[in-house]
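Keeping the supplied structure of chain A fixed, place chain B upon it in accordance with the hints.
Each chain is listed here by its residues.
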Amino acid sequence: MTEVTSPATPRALPRLDLDAVGAIVLAVVWISPLLFAVWAAFHDASGAISFDLSAPWTLDSFRTAWAAAPWPRYFLNTTILVTITLAGQLVLCTLAGFAFARFPFPGRDVVFVLVLLQLFILPEVLIVENYAMIARLGLFDTIVGVGLPYMASAFGIFLLRQAFKQVPKELEEAARVEGCSWAGVLWRVYIPAARPTYLAYALVSVATHWNNFLWPLVVTNSVDTRPLTVGLSLFGAPESGVDISVISAGTIMSILPLLLAFLIFQRQFVQAFLRVGIK
Amino acid sequence: MSTSATITQRRHALYGWMLLFPSLVLLSLFAFIPTGATVWASLFTRGTSRRPSEFAGLDTYAHLTSDPVFWKVVTNNLLYAGVSIPLSIGIALGMALWANARIPARGFVRTAYFTPTMLPMIAAANLWLFFYTPGIGVIDQITGLFGFGPVNWLGQPDTALWAVIAVTVWKEAGFFMIFYLAALQTIPPELREAATIEGASRWTYTRRVLLPLLMPTTLFVLINALINSVKLIDHLFILTKGGPNNASKLILYWIWEMAFAYFDRPHAAAMTVFVLAVLGIVAAVQFRLIDRRAHYR
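Here the protein sequences line up with chains A and B, keeping their order.
Note that our numbering gives residue 132 to position 105 of the first sequence, counting from 1, and the numbers run on in steps of one.
Note that our numbering gives residue 246 to position 80 of the second sequence, counting from 1, and the numbers run on in steps of one.
The shape of chain B in the complex, shown without the other chains:
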């Protein structure tokens, strides 16, 4: 290799690192170092003014897993994800099929579906509070017409989480619709014509042609929905505060509460490590998809 080529290479490396430097500093400050610090903090006991914190190994994790609230929160989050993800993706697909069809008032239909996406979750929660108010709320007024009594949707353990899930689905479906709508518009209409000529029913066409073609979009949406199922908790602050009796508490809210209401940093850290591990698995799957799918390039 000639010297000038080596010099160019070195110069490129220098420029490269210089350009990356500011981003790497910030990523270190707010992603890499905090990740390490979280793992570290989870290995210590909670310090008080009288007893300083000391190394505790995996004690905090043992505590955590023997705490019924931990399992309650994990179960809640699994239920939250397990219900809201398929529901919002399914509704999104239906919305996209409708919004892509030639129907009257299509502009209004699309706007109506997508608008919740543009609202802050806090605002969405305020709007829904009105729906859920026992007795005088919109839902109770409607069910009242059919002779049902008032229900305290947010105030009882049986319904609180479901009420939260409904708001999430409402917020998310329109967002996912956009991706399906775009994917649908890239599907050549000849496929449908061919299917019609072959005598395929609409259901067969959807199942055999549309859904396979929409698979990459579904994967993309699914990854997004998985990440959001950890992240989307803002409405809890307005609607239920995780209650009653932890019935609607989700993991991130619990972390927030542990850290900033009870000042129990080790437990918050241990729970965070747990979430990071799960997100790490999602990331690993996703990176393999990036390798495989032209969709992401």
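Bound-form chain A, shown alone:
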């Protein structure tokens, strides 16, 4: 997963001692809700509940779940949402991060602290007034309306400022001597140098907004804008009257893309979370 540097002690085969047993037991406990959901999704409700290992495997739950909600639309909405949110974040945070890293001007530090405050003034907490603002802008029930409050991300600005600050001044000066404009310097020198930061931020952003729920719940009101998480919550609500196997199938379906992406690109995801956390 992460860059695994084994301890420098002489290499020995891993032993199955008490630690290993504890670690593996905890791992099985931790993954079990997911395993049970998979079990339930592939059996009918009574087979799922009884844990009868001889219960017949079936895909019926998936068929029922798939037919019960406009999943393709939800998938599309979520994909559009994470794409435009990320695009907005990359552009805005690059510009702002560049300003904070390389343009000294009076008042900059005060503005920077103001920006950092947004790390604590969570969009979730301001949900009522943000909703009023979105309504005023005429963006209620639009996907842009879901993404917009997150685009000027203080976190992204902070990360890119750090990354840009680490670029040696000489590189920039050399480019300037060659006649590069500020925009050119940004595009040719700073952005390429910050590539790992961009990648990490992008992965974390996609994972976050793919999973986001409360704000989309408030802003969306129709099938055409509702993301997967909101669709899944409507689907899984007890009053919708679907059984445990069908709920499991729907849940598995909707988490599958991100889960697969995670299993394939595990190392990148973990390093991304680390990088944005620790830098």
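For the record, the hints were derived by calculation from the structure and aren't laboratory data.
None of these values were measured; they are calculated from a predicted model.
Heads up, the beta-carbon is just placed ideally off N, CA and C, and yes, glycines get one too.
Keep in mind that a hint or two might mislead.
Going by beta-carbon spacing under 10 Å, a handful of chain A positions derived as facing chain B [claimed, not checked]:
1) 53
2) 63
3) 103
4) 216
5) 218
Covered stretches of chain A, going by a simulated chain B footprint (3 or more residues, C-beta under 8 Å) [unchecked claim]:
6) 82 to 96
7) 104 to 112
8) 219 to 228
9) 283 to 294
Below, chain B without anything else, positioned relative to chain A:
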């Protein structure tokens, strides 16, 4: 100062503000103005079609603090934070120590710990619903083996909040583990060798060497966990809806309910101001840490 230097300075300032402009507009629209508007809204009465809202000063706050539900929600959130934060950090540390040791199936172990982090909380809640179902749920089936009767985990006031806390810990621990794991890998193995030579027990080594070295990570994780203890409520929508009888209602859910189910904007605003004040204190502490700790640079 020469004129050309002044001109350069002015140009820099102009560029700086131009580059910042789009972000500042959005931050104003969705952070600064809403913050002010929230404070403002909390000072007015709730308007109805017959009676327009009027200035009420701090009346809403007085109402709020005399409302037993307010105290219930605050107590719930304190309990939620007070239990889930130490528990998830403690488990995260244990996970990291194990995931960093040379054990068989280490890849599986790490993946298993971290996977919940990648799931939407809504999906996590759906999975756990299955565990908590009275009588037929996994937990009751297991406790049933030991002769315990079925328990309506989500449906009774004594257990609902704890059931919600369990889901939070499950979701958060693997995330925090990552930071501990990274920190552990930067600790030179010579320290352990030295401790072993000195005859220090494993517990002494952990307490005297590891934990102090992990302190910056713990602070970072703690700040994150504090913020999350306000933010993480998605599972309430599936598991309990804050019930029964407000037993598992947390502050942000209450704000949502006030604003979007009961359309009581002043009370939602007053509660929001309260949360912002608490987060402001966390922010102040955090900024002092940023000044002090190279860890954050």
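| Indices of hints not satisfied (ascending) | 3, 4, 5, 6, 7 and 8
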